[in-house]
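Asker: The hints should help you fit chain B onto chain A, whose structure is shown.
In case you want the letters, here they are:
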Amino acid sequence: MQTAAMIDIRNLSVTFNRGRKPVKAVNGVSLSVQPGEVVALLGESGSGKSVTMRSLLRLHPKGTTIEGSMTVAGRDVTGLTAKDLGAFRGAVASMVFQEPRLALDPVYTLGRQIEETIMRHEGISRSQAAARALALFQKVKIPSPERRLQNYPHEMSGGMLQRSMIAMALACNPKVLLADEPTTALDATVQIQILLLIRDLQKEYGLSVIFVTHDIGVAAEVADRIAVMYAGRIVEEGNVADIIRSPRHPYTKGLLGARVELAHGRDRLITIPGAPPDLAAMPPGCAFAPRCAQVSDLCRTEVPALMPIGGAGSVACVQCA
Amino acid sequence: MISIVEEPAYDLPVGERGGPAQPLISARGLIKHFPVKGSGFMKPKKVVRAVDGVDFDIFKGETLGVVGESGCGKSTTARLLMQLILPDRGDILFDGETVGGALPLSDYRRQVQMVFQDSYASLNPRLTIEESIAFAPRVHGIAASRAIARAHDLLHRVGLEPSRFAGRYPHELSGGQRQRVNIARALALEPRLIILDEAVSALDKSVEAQVLNLLLDLKRDFGLTYLFISHDLNVVRFMCDRVMVMYLGKVAEIGSRDAIFENSRHPYSAALLASMPKMDPAERTSEPPLSGDPPNPIDPPPGCRFHTRCSFAESICSENLPPLASVSESQSAACLMSVPGSRHSRAPALMEA
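Same order as they appear, the protein sequences are chains A and B.
Quick note on numbering: the first sequence equals residues 1 to 321 in this note's numbering.
Quick note on numbering: the second sequence equals residues 322 to 674 in this note's numbering.
Okay, chain B solo, but in the shape it has when bound:
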């Protein structure tokens, strides 16, 4: 591996503050509701409950995967973390400091960067790729020549030879090459956290594998932390240390990779895992694990949001909203079956203290 960082690239110090045990980023009670157009005038006001009370931590140096069906709030969560949209309620703490409070937004953005799914739409078509990569450092006050030199280093680092690629425009690159440029751009400010929102989903399988390897190398070499959003559970299993399963704006289950993939405690996680195509034609799926499409986040069902599709649902599930409760050291699930004394027939008995 070629080291490109001989000197601290920027004069402003950023970096480790709270020690390794403190989560790098913590979301506390995030809520984001989007108003629905055409409602509210002479009609009841409706909102899309995109993210409806989400708490989680991302620890330093880990990769947290986020999975779930479309409309479950994965991307909204990412955009809230990035402060591209502001939460209706809730706080984001970055290494112990409230974003927008103790930690000004401009300092925060230098430490958190994002890579989007659509590699073409996220690059300015009128800028060459070296200009795109150098843009953010220049905004943060780096001299143009130094920013361009650093852009070349980064291009080299993501596997694009600067002498061939630096002067090209986004339309002259393939999808995989453009996604490498987006990754280089995200690295340009030396961030600590990178949010990857379906960053490899649009790539062909053989190119996807190359980009995943690149992401792992960069994580190791730059000491990065990733939030990795994907609908591909196989990729999440390969990339992530911990996994968060979302359903209709809420966290259904969160835990270590092994806990989620081998011992999931929420029926939705289990169904999601069982929905993956089997690679062995002798063991084809015979029954769909879930029927129907995900319900509409405009009018989520009362009680547990999953009870309309859950094969273990009982009447109690439509009345009580299960809290996200710890089920083991490395795993929390929001299911009444895991809550002692919840009046669900499969729940463990309440222990007397």
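Bound-form chain A, shown alone:
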């Protein structure tokens, strides 16, 4: 099972060496994604979910220390040279970002940006690339695609831009799609359209998808499996129905319990006290221990490992082992 994984991350740690203290944003994350599987990385800001995903395309600034190993479609990502990376990004794995307005170039039309991507990777003529771009725009259901390809990013709405981003990400038939909160900046009515589009395209192309989100509802709509991150570590992982119906880790329980949907007829929400720890000054032991209701002495000294539990999930908590 593990040999066939499309994405295999082993013991990944990412340390940013800027500022006074080095900050370890990701701390020993292991995750594997099968071909055709959608995994949601769920976590709050600063939990390391985006950093984990960006590592897969090596998008970090210079001076970032990456430890551990990452394999995507049989290639060792940690060892790729700059030239190999250029061929890898977009053709094997590509990414959809949260803010399409920042990710797209404002001075070129969308058609030109997509054509450029295809020509760079496949060395075909502009007219062939233009035909491919048109087909992609039809695929992502952009109305009047011929006209829209001639538009600049500022001429389009957020939902249309995110569709264009997805078209561009799929331009060179990648095997892996990395989606970094692609619907967070959108209205709910547009968000659901984009989620359904990603789900349909994923099925059609058999893509492996890592979907980063902070919204449990979004994860429930798109994911097969959910990995919950807290302070740079995966604390719980399992298939989507198990995580939502019977969470095991106290943090996941707290996150699901704090949902306002559950509060009908109650005048207070159940909350997790406190705030996530400072990544530059992590507590020894379990990072969640200072906020945990079931904390024991062992939690404060020892970092719990992610252990398999009954069924298909695993959890990193001494109380659940």
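Since the hints were made in silico from the structure, they are not lab data.
We put the CB at the ideal spot given by N, CA and C, even for glycine.
No false leads were mixed into what you were given.
SDA-like mimics (lysine to any residue), calculated; alpha carbons at most 25 angstroms apart, straight line:
| # | chain 1 | residue 1 | chain 2 | residue 2 |
| --- | --- | --- | --- | --- |
| 1 | B | K358 | A | V107 |
| 2 | B | K526 | B | H477 |
| 3 | B | K366 | A | M156 |
| 4 | A | K141 | B | A592 |
| 5 | B | K381 | B | A423 |
| 6 | A | K83 | A | M119 |
| 7 | A | K253 | A | R225 |
| 8 | A | K253 | B | L537 |
| 9 | A | K83 | A | R126 |
| 10 | A | K83 | A | R120 |
| 11 | A | K203 | B | R605 |
| 12 | B | K599 | B | H552 |
| 13 | B | K367 | B | Q404 |
| 14 | A | K253 | B | D553 |
| 15 | B | K526 | A | F97 |
| 16 | A | K141 | B | P610 |
| 17 | A | K141 | A | V107 |
| 18 | A | K141 | B | P609 |
| 19 | A | K62 | A | Q98 |
| 20 | B | K526 | A | S45 |
| 21 | B | K367 | A | S157 |
| 22 | A | K24 | B | E493 |
| 23 | B | K540 | A | E261 |
| 24 | A | K141 | B | S632 |
| 25 | A | K21 | B | S495 |
| 26 | B | K381 | B | S651 |
| 27 | A | K24 | A | P273 |
| 28 | A | K21 | B | P446 |
| 29 | B | K599 | A | L201 |
| 30 | B | K599 | A | D215 |
Away from chain B, derived, C-beta distances all over 10 angstroms, residues of chain A:
| # | residue |
| --- | --- |
| 31 | P22 |
| 32 | Q98 |
| 33 | S125 |
| 34 | P284 |
| 35 | G310 |
Answerer: For chain B alone, kept in the frame of chain A given last:
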């Protein structure tokens, strides 16, 4: 709960005037159009119809939620109420008095305060948080020492220990802590109405729940009224007594929470509710309830503004603008399907009197 108000903090009396049945604030025919740059010279003059004829009341002690897509005029309505921008037309009545008329603006602002979405941008980075909180009372003539003492009380009240936090600057706090400071600052003038414009939207879920609980506690303890703007319908359902749904500068539907969430009468409200992600992976959404993005408020469609995206639209919908009409005791909707005799095939028949 610790009571921090031993004595009336300010010498000027403000407070109850018209009795509990009178709405605390009433918006009457609010209109705000923003001119579009680059139009008007040799070209037709264009305007963004941000708020285009909005009427509503907020009753004393309630929380009114405002929901809608981006560009529907939620935030413009909030800014008009706060008089941060002036309406082109229309009046705001605060407890029966016209704001800017019988009620001078400075008296009004003491009674209405606002908390914004961006907790960092709304604090002065050069002031410590106790100075920020004490600023408005000092403008209103409170002695510095008393204003600072009150700031400490308020910090304590919103869950920030004054001895640790009072001297800090905004950049030294987390997003949740900064939003608590903004809430404390809004409370400093002992207002009666607080406008919360996406005040919890930028916070992480676990912190959001803490701040929502705080807002509920403060509402009870200080007898506040809230206008709660949010794009998160789940949060609105939890927080609000009544809900107003806006679409392209107009009120689509307004009513009690139960009426809107369980028996919505406007197809837009229904679509908005159906767009929320389902929490159960076995019941995933299969069809998007609405297609396309919200239309541009520069050239809103004629007739009912929603008819371009509405699955019940008929030709009559592009001709007649539906009025906001009462459909039950606790609910009003602006849809021709609810107007008797509107020539929409689903409209109820006109009753002979």
